Each structure stands twice: as structure tokens, then as C-alpha cells.
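*Asks:* Protein chains in written order, with the working numbering: chain G, 1 to 306; chain H, 1 to 396.
Please keep in mind that the hints were generated in silico from the structure rather than gathered at the bench.
These figures come from a predicted structure and were not determined experimentally.
Every residue, glycine too, gets a C-beta built ideally from N, C-alpha and C.
Each hint should be verified, as a subset may be incorrect.
Cβ-to-Cβ under 8 Å is the rule here; a few derived chain G residues that face chain H [to be verified]:
#, residue
1, 11
2, 17
3, 18
4, 21
5, 128
6, 131
7, 141
8, 148
9, 224
10, 233
11, 265
12, 269
13, 272
14, 279
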Amino acid sequence: MELFQAITNMTAVSFAQHMVNGISLGSLYALIAIGYTMVYGILLMINFAHADIVMMACYFALFGITTFHIPWYLTFILTIAATALLGVIIERSAYRPLRDAPKNSVLISAIGASFLLENLANYLFSGRPLHFPDIPFLSSMIDLNGIQVQAICLFIPVVTLACLFLLLHIVNHTKTGMAMRAVSKDYEIARVMGVNIDNIISITFAIGSALAAIGAIMWGIRYPGITPYLGVMPGLKCFIAAVVGGIGNIKGAVIGGFILGLGEILIVAFFPQFSGYRDAFAFIMLLLILFYKPTGLLGEKMTEKV
Amino acid sequence: MKMKKFVSAFLASAVALSLVAGCGGGDKKKAEEKKPAAAGAVKVGVFLPLTGDNAAGGELELRGIKLANKLHPEINGKKIELVIADNKSDKAEAANVAARLIEKDKVKVILGTYGSSLAMAAGNIVKDSKVPAIGTSCTNPQVTKGNDYYFRACFIDPFQGTVMANYAFKKGAKKVAIVQEVSNDYSVGLAKFFKEAFEKLAGAGSVVEIANYQTGDKDFSAQLTNLKAKNPDAIFAPGNFTESALLIKQARQLGIKAPFLGGDTWETQDFVNVGSKEVDGVAFSSAFDSTKAATPEAKKFLEAYAKEYKGEQPGGLTALAYDSYLIALNAMQKAGVDDSVKIREAIAATKDLETTTGKTTLNADGDPIKSAVIKTVKDGKFSFIDMVNPEDLKAK
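With the rest of the complex left out, here is chain H (with noise of 0.2 Å):
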């Protein structure tokens, strides 16, 4: 009895002790959080809308992460493992998810999303808390604008705005219109940038009709009733691609024959899927195409996807999902994988790193210099139409 009554002190009592010891010393902190990563896996986040409105986007960028993961599982002989996070779509919803990564998962790296609005929601939370990210398509250049620890492997809309509105000009465009999606980042900033540059090419006053709509909308008779009497050449309607493709049958069938041009979003299955034959003949900028793929690890990727998925080729969000795999690797191969300031620090530093879209150098803000591709949709499938270097608007 006396016994017992001993060793359930010396329990208490050693209990009381540790605590106060796990409280007290930061060391023991430290080495229980170093313990997954010596167990063998490192772990890197992984940021996308798996549902909601931007699902299809999502999981066409998990594609292209998981496939670099199953091309380069390890680092300095450790295993790479993924966590996957599903930000819904949704803006307050990114935030908690980002947060949970960071601290419950704590993950040293975090890769995603699409969406700027959605990569926006978790900016301040990877710049406090230091962890860094690497955006997969988010184009709005807010997203790495003074935040150190977002980077991205997409190009950014005032290039991708210019791209569009020189290939609108070059096709004889006068005077245009722009439909955007007023609640989200991604096509109001796009908007923004296409209609400077158009200006800037045929004037001031050749943007005839800047018309909005909501995220979600279904009906958008009104505003294209009034675009139509306006009679534009061209409608540039950047936005989420559910809602574009709806847009876009739904122009044609109150009898707007004009071409529609739009951003790399359309670029998901889905966008056909919906808009059906209606949306044949569109155009819209991307980052990749499988037919001018030509750097090696290009190669690769497509041949991995080929296997994959089989008889489908994968667009520009997938490419770039891939990308940013690449530049976390590269940068955790020389900084290491614990300290994820060392690694921001080894990812802003990128230069020259071979990827799927050409060689990736980040700037000061965080983003790459890019070369654009312009697509079509033809017969329900997405088909080249050109290629677009930066040097090539400078030239201009």
C-alpha cells in the first residue's frame, strides 16, 4: 500500500517536473519539433481550392504538384511528403487553412494557390508567421507586392493584361468592351491592365463598356443587353471560368457575335464543359503549351502526365503546379529543410532554374519573367495560337 501510495508520488512529481522543464527550456521545444522531420518526411504544404467555385483549377495544379512529387520524392535523401489543404474557394477559409498548416502541420513550405484573392487572404499569415509560399497561378501582382514570403511561378497581369490587348489590337480590334468579375482580384486587376494597354494602342475611349458581375452569378442578360448596344469588336472578360463560359453562352445566344479574349483561368475543362460549343473560338493567354514545350524537365513532365493521365495534355496551370514543386525543391536542396527563413532566402535567390515554362529567375518581388502562350478552344479542345516573350513588348 505504502508502496503504491510512493510511486504515484514519484509519477506526480516527475510529471510536475517536465512540465515546468517544457515550459522553462526552449531546447526540449525545439527537439520535439525537429522530431517528424528526422523521422524521415519533410513536409510541404500544399495551398488549392479542392472545392467550390475554383475546384477544377485546384485540382488540375494538385495534378501537376503530385506528379513533381512522384518525379522527385526526396531531398538529400529524405522523403518529401505532402499536405494537402482544400481552401474551398473561399476567402475566409484560406486564411484558417493557411494558419493550419503553418502551426498544426508545420510545414516549412507552402505551394499554391490558384486565385489571388484566395493566396491574398493567406499573405499576412506566411509573412508573420515566416513560413514562405510559392503561388502557383495567382496573377495579381498584390499577391508578392511587399510580402517577402509570397513568391509565385506564373507571370503576373500587367503582362498578361498587355499580352491580350496587343493580340486584340493586332486583330484589328477598335473599339473593345470588358466584362469583370468585380469581387474578385484576379479580373478586376486583370481588367485594369488590359484597358491601360488597349488605350495606350488605339486611344483613349476605345474601352466602350466596362460592365461587373459577381462571383456566383448566374444571369448576366442585363449587362450583355447593354454591352450589345454598344457594339464592341472585342469583349474581354477575364473571371472565374464557371461564370465566363455562362457569360460567354449567354452572349451568344442574345446574338453577340464578337470574339471574347480572356486569362489563363480558362484553361479547365470545366470552362468547355460549360460553355459547350458556345465558347469555341475564344482566346485567352496561358503559361504553357505542350507543343512548344522545350526544356528537358518540360520533357519529362509531359511524358509523366502522358502516363498519368492518359490521352490528355496538361495546360498552363498544371505546368506551373509543377514549377513551383521544382522551385521549393531547388531552394530546400541548398538551404536545408528546417529553417524555412533560410529556405525563403534560397527561393528568392532562384536564377536560371530549369522548369516546364523555360528557365525561372525571380525578381526582387518575387515573381518570374515569363513568356506567354495564346490559346483557342477549338471543337472542345484548347489548341496554340501564339507565343508571346516579354522582350518582345518591350520592343514595341
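Next comes chain G alone, as it looks inside the complex (with noise of 0.2 Å):
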């Protein structure tokens, strides 16, 4: 009853206006879900420091511009760069000493690493909120038809279609795809075929974390106060929508992404007064998604190897 009095109530305008907004905040979650999942279809680990690979991107990006007064464009192509090199230098030191321990050393081992990225943040940027520099045309607003657009939410769900295209393409139709392909399905038997499996699991780093910061950087952009622990909550979400679409499975995660979004931005729409408990509704996903289908929405049945 209540639902059918909101919708009612609701003017088209308003309703777009909320469809917008789902979908470039779902287009972000999806972004920098596809990095836990590619770190987990490979190593079966959850990075959990991805979220402040995404707090550091951020940082990178306001310093050029502000600090060093390097023009966007080229502040972006350099952050995208060092957050892929951030990436890979994680793995390296915290992860790759650790790949004949049992998979719960490097679990924990990853929550150090994500404490160690925060409290360095904290420590070297201070603990007071930065504001993201506003980008020409990009930040501005765009009202069409009485729908007030940020510009960049434009280009959000545009860009992380693109990179779910490219990144498909690279792991189904290059070499690389496919070494990555086998060590995610049994990483004994790709090292015994010839795969340089440390050469791999570098690259699958330096890739989702070439993403998270691609994320990073649009969410400055859309959300510009920045914090050392701004990536833990969307990346709380996004590692939900991981698991929402499957874990493992990199349409999933964008599935999950567009689904934790929409969904935390409709409830709020049409259930107000739970405004309050919009964090709740990710976490109401995951349990269901647990207990109906543990696997995610896309994930396919895994006999756990021996």
C-alpha cells in the first residue's frame, strides 16, 4: 500500500532523477567489484585491500592536480599508472611470501595490508577530509528536462561498460587471458604447463587495480571530500556485490554492482522513512544471496580442489 502511495506520489522527473542516480552510483560499485573479483577467480583470496587501493587512487589524483598542478587528463593516466604499480607492489610484498601458506595466512595478511594502506594515509595526508579538485565540464551540472545531471555520472556507466568490454576481451581472446584463465582453474597444473604463474597473478593485480582507480577517480569526482578511510564502505559494498554476482565471475560483479546501486538508491526513494538503513540493504542481499544461492547470481558450482 505504502509502495503503490510512493509511486503515485512520484513525479516522472523525480523517478529519472532517481534512475540517474542508481545507475552511475551501481556503475561505480560495479568498477571496483570487478577487482575483488578478478584477485579471487585467480587466487581465491579477498583482497581486502582493495578498497584502500581505491583510497589511495583517490589521493594520487588530488595531489596532482593540486600539488603538483599537472592537467587532469594527464593526472588520471598517471594515477591509473602508480595505482596499478600500488597494486602490484601489495602483492609482491604481502601476498607472493605468503602463496604456499594456508589461504588463511594471506587472508590476514590482507587485512594488515589494508590497516597498513589507511593508518599511512592517515598519517602522511592527516585525517581531515581533502577536497577533490573540480575537472572542467566534467564536474558541471547538465539539466535535461529538469534532471539535473552531473556530467561525469554521464560518463560512468559508459566507461565501466568499456572497460567490462575490454577486460572481457583480454581474458577470452589474448594469450595473457588465457594463462590467467588456467592458473584461476588449477594453479599446479599451469605452472607444470609452462604458465609463469608469478608473471600472471602481477598482471592480474596491476589490472584491478588499474580499474579501482579508474573507479577512484570518478568517485572523487561525484563524491569530492576525500578521508584515509573512504574506500572502506564501498568497498564493504562492492565486495557484497562481488559475491551478489558470483564471485569469481567479472559480468557478475558489474550484475551486482548496477544491482547494490539501483537498490540502495530505490529503497531510499520509496521507503524514506528507512533512509537511515540504506547500508542495511546490502547486507540483506548478501544474506539471501547466502542463503538461497550461495554461488552469487552467475557463479557456477565449484567442487573445492584438493
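Hints are included, so try docking the two chains, each in its own frame, into the full complex.
*Replies:* Written out as C-alpha cells, the structure reads:
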């Protein structure tokens, strides 16, 4: 009844505005979720530091523009490169030494890497929020028949989908991609067959982190308050998005991201009285998926390898 | 050889004896506790959020306390030493830190904090260990209500909410919307008092929308889209400065033109930094304005501040933190520095104490009655709009 009332009360313009808000938030979640799912697909570990890589990328972009006065487009390219490098460094120093250790040790190491990055940022950049600079055009508002859209919101879904197709192409149609899939299926056998596991894993981290950087830049433009803990909540939600879509599955992560982003916005849109509980939506989704389809929407049933 | 054994046996029994004495006699323990004080320094705990979401507020208040310590460094010939503890803007951490200040650092009085939720988290600890605390800018009434050991230097939210409701009504607002940070006691309390006061002025139903968000949220587009459809004349959105700044920014992006009103937490540079040009024109209440400083103590404070932080003007948070130090100092001058219960009594009896924000008298709850100033942001700087005295509100 209440839902019916909410829908009839809502004008077409409001509804379109909600959809735009939801799709842009969902695309951001999707982009970050891909990073979680890729690492899981290959290493069967959850890279908890991924959220903090997003945060670091925000700071890289911010300082590139404000402190070093590098033109924004150049800054974005440098940020993506620096973040990819950061991802590889974290993999080499925190995960590679534990390659033969039990999976739990790597997981704990990932949590350690996450705390290290957060506290490092807190120490280096202070805990106070910094303002992400306004980017010409991308930060400006466009009026589409009464619907207010930030220019970046039009780009976010396009960039996300472009990244998705590029990534699917790499994974499915290149030699590196084939090696990635081989490592993901069975990494002992892949090693025996002559795949350089360490390189493939490094490439995976580089790609995942580069996507995180793209997500981070767009996040910064959209939500310009940058703090050392900014990755924590989005990180959790993107991880949930990856699980909902079927962890290990790239398309699933994107679908999961959209479901979460749209769901969060629409819940507040139709049930304003629950707007304080929007974070709960992600966690309820996680519980439901774990109860009814633990492998996720697109996940395949997989027997534990010994 | 024999001699050595004898010596060690003697030492061992001496240690054992002293241990027994230590456990049995309270006198020895007391003597040990007194030692640091006798050594010269009186310890005062400073309990503020120096990292996390509220860090900017905590930092401004720390400036006030440090400045007060610099101008009034001694009490009865003993040096006052600040023990600074960071409660990390986190309720669980706040409780731990308060306990540590009392148990490990043995402070006899605590100053702080910014953030009512953080103060309430420490409430039972100061009460149970009978160490008085003086809140700097925790304005929720629940902080001091029913807690004999929590006092404060700031006005409280029923007053602040009424001030802002009157201001909105005076500016011609007939229907307002409220956006509150539901996980923040300060925001929810202030929103409630604003609503009560505004409905009294403009009639029932004049608050057309109450939207919620969580501390740490970055996206407010859904709440704001709903709010825009209601077309309010003004929006009251008390909350932490980072979230509030992002909220206002997003509201302007969505084409919401109604003016934003808020509370004393907005008076931090971070609010302006994050909100940039979009926060120009907001109105909020504060405890202090440097251009209206009336008391000699305020002049002293302004002078010292200008010297320490070149070119900057202190805001309400810094002034209140400075005042909290003065209240503690005044109490310790009367009650001595050793007995925290006596210090509590002296704080409770604070009357007509000259502080930067006028004369401070604490009522039965431990709250002062103070005037509020209304400020705005103009070209990235805070500027004065109006001053409201408690008597002005009663007259209406």
C-alpha cells in the first residue's frame, strides 16, 4: 500500500532522477567490484586492501592536480599507472611470500595490508577531509528536461561498460587471458604447463588496481570529500556486489554492482523512512544470496580442489 | 658464599614484606598516587577526536585548550600538564580512552569532547570513577542530564534548535525540510528541537520532510531528490561538517535552491574546503564571534590566538574549549588539585566566571546559559549575521 502510494506520488522527473543517481552509483560499485572478483578468481583470496587502493588512487589524483599542478587528463593517466604499480607492490610484498602458506594466512595478510594503507594515509595526509578538485566539464551540471545530471554521471556507466568489454576481451581472446584462466582453473597444473604464475598474478593485480583507479577518480569527482577511510564502506559493498554476482565472475560483479547501487537509491526513493538503513540493504542482499544461491547469480558450482 | 646467600635471603624477605605492606595498607598506595602531583605537575585530561570524521572539530578545540594552558600554565604554584588523548571520533574508542585517562594517567579532571555521542560514551566512566568532565561542544542535553560528573561549556540543543527555528521563521520560511544524521545523537537531538520549535511558530505540518542518512555516507542523491519534490523554503541539516558539506554540494547540483541551516559543528575550515562555493550563504549557530567579543578574557584570548595562528580568526569551538579549561582551572583554585570529588563540587558551583563567551554560570544539570550567534559563509569565510540571547526567546 505504502509502496503504491510512494509510486503514485512520485513524478516522472523524480523517478528519472532516481534512476540516473542509481545507475551512476551502481557503475562505480561495479568497477570496484571487478577488482575483488578478479583476484578471487585467480588466487581464491579476498583482497581486503582493494578498498584502500581505491582510497590511495583518490589521493594520487588529488595531489597530482592540486600540489603538482599536472593537467587533469595527464594526472588521471599517471594515477592509473601509479595505482597499478601500488597493486603489484602490495601483491609482491604481502601476498607472494605466502604463496604456499594456508589460504587463511594470505587473508590475514590482506587485512594487514589494508590497515597499513589506511594508517599510512592517515599519517601522511592527515585524517581531515580534502576536497577533490573540480574538473572542467566533468564536474559541471547538465539539465536534461528538469533532471539534473552531473556530466561525470553520464560518463561513469559508459566507462564501466567499456572497461568491462575490454577486460572480457583480454581474458577471453588473448594469450595472457588464457594463462589467467588456466591459473584460475588449477594453478599447479598451469605451472607445470609452463605458465609463469607470478607474472600472471602480477598482471591480474595491475589490471584490478587500474580499474580501481578509474573508479576512484570518478568517485572523487562525484563525492569530493577525500579521507583515509573513504574506501571502507564502498569496499565492503563492492565485495558484496562481487559475491552477489558470483565471486570470480567478472560479468557477475558488474551485475552485482548495478543491483546494489540501484537498490540502495530506490529503497530510499520509495521508503524514505528507511533512508537511515540504506547500508543494511547491501548486507541483507548478501544474506539472501548466501541463503538461497551461495554461488551468486552467475557463479558456477565448484567443488573444492584438494 | 654463605654471606651471599644471606644477603639474597634478606632481600627476598624484604621484597615479600613490602608486597604484603603494599597490599594491606592503603596509606602506601595513596602516597604513591600523590607522587606525580608532588613532583610538580597537575595532570588535566584532554579528551578530543583528533583523527577520524570529527578530527577538524577536535583540532580546533585542542587549539583552544592549548592556548588556555599557555596563558594560564600554573595553579597554586604547580604547573598544569595536559594529557592529550585521541578518541578517534569513535564511540567504542571514546569509552576506552576515557578509562585510560582516569586509570593510567590518573587525571583529576577531563576536558572534552566535540561530539555528543562521544561524550555520552564516556559518561558512565567518569560518573563511576568520580572524575569530573567538562564538555567543550557536546550540545545534546543527555550528556549532562542524570550525570553529576559531566558538565559543559557550551549551550544545549533545545536552545540552539529554537534559535535556528526562529531565524528560519523570521526569514519567511513557511515549510521546512529536515535532513538528519541518524547515527549521531547531536544531529537527531538538534533536529527534534528544531522541529518542535518551528511547528510552534509555523503550525503543525510545517515540517514537510524528514530525511535520514548515516555518518560516513557520501551519496545523498536519493534523499535529496525526494526532498526536492516537496519544495521546502529552507532545509535544516545539522550534522558532521564533512557529510553536511557534501550534502549541500549535492543539493545544489540537483538544483535545490532553498537555503541550508545547521548547527555549531559547521564552523570548521573543512566544511568550507569540502563544500567550496556551494556552502556560501548557509546559516548556522555558534557560541562565539570574534567581532563581538565582550569580556577582557575574550580580548586576551583573541590576542593570543592571533599571535599563535597568524591571520586566522578563532571560532566558537576554539572559544568553548578555552572556556572549559577556565572552568576547570577556577574549580581547582578553589578545591585544590588532589580530590576529584571536591573538584566536581567546585565545578558545579561555578558562578559568574568570566569566560570568552560571557559570564558562565552552570545550572543544576551542569549546563551554562549562553547567547548564540548566527553566522554564515561568505566567499569562503565565516561572517556574523545576528546575536540571540536566551532572554530574547523567552519574551516571545
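*Asks:* Tell me, which hint numbers fail for this structure?
*Replies:* When the structure is compared with the hints, none of them turns out to be violated.
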